[in-house]
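**Q** Sequence:
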Amino acid sequence: MSNAGIAHHHTNNRPHLSDTWMRNAACRGSEEDFHADNLPDTRAALEVCKRCPETTKQACLEYALERYEEGVWGQTTTNRRKVIRRERRKAS
Numbered sequence: 000m001s002n003a004g005i006a007h008h009h010t011n012n013r014p015h016l017s018d019t020w021m022r023n024a025a026c027r028g029s030e031e032d033f034h035a036d037n038l039p040d041t042r043a044a045l046e047v048c049k050r051c052p053e054t055t056k057q058a059c060l061e062y063a064l065e066r067y068e069e070g071v072w073g074q075t076t077t078n079r080r081k082v083i084r085r086e087r088r089k090a091s
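When you line the sequence shown up against this note's numbering, it's residues 0 to 91, in that order.
Incorrect hints may have been included.
[Unchecked claim] Calculated lysine-lysine pairs in the DSS-like style (CA-CA distance at most 27 Å, straight line):
| no. | residue 1 | residue 2 |
| --- | --- | --- |
| 1 | K56 | K89 |
| 2 | K49 | K81 |
| 3 | K56 | K81 |
[Stated by the list, open to error] Per label pair, the in silico range of CB-to-CB distance:
| no. | residue 1 | residue 2 | range |
| --- | --- | --- | --- |
| 4 | R87 | H34 | 19 to 27 Å |
| 5 | R85 | L45 | 27 to 35 Å |
| 6 | A90 | E30 | 35 to 43 Å |
| 7 | R66 | A35 | 13 to 21 Å |
It should be emphasised that the hints constitute simulated quantities derived from the structure, not laboratory data.
This one's a predicted model, so the numbers in the text were calculated from it and none came from an experiment.
Glycine included, C-beta positions come from ideal geometry on N, C-alpha and C.
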């Protein structure tokens with residue numbers, strides 16, 4: 000049985016990561032497709048993110064920004080994170 004949740008997916012692929020936010024993320028074990036490009040799946044994944052505390056969402060977002068991850072992370076889409084990176088570069 001496979002789980003589509005991001006935190007579950009990434010902790011399995013990188014077992015050395017022990018970030019608390021990953022272990023406690025709402026997406027862990029979720030059946031939503033967090034790598035989907037179609038709008039209904041993206042919306043469903045974003046809804047799962049709403050269940051995480053703000054500190055978890057922020058840690059997840061920073062993780063994705065640092066690693067140029069695709070899909071839904073920290074209640075943001077790939078395109079939204081591109082904008083965030085661009086805004087941060089301008090501000091620095």
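**Q** Does the structure break any of the earlier hints, and which numbers would those be?
**A** 5
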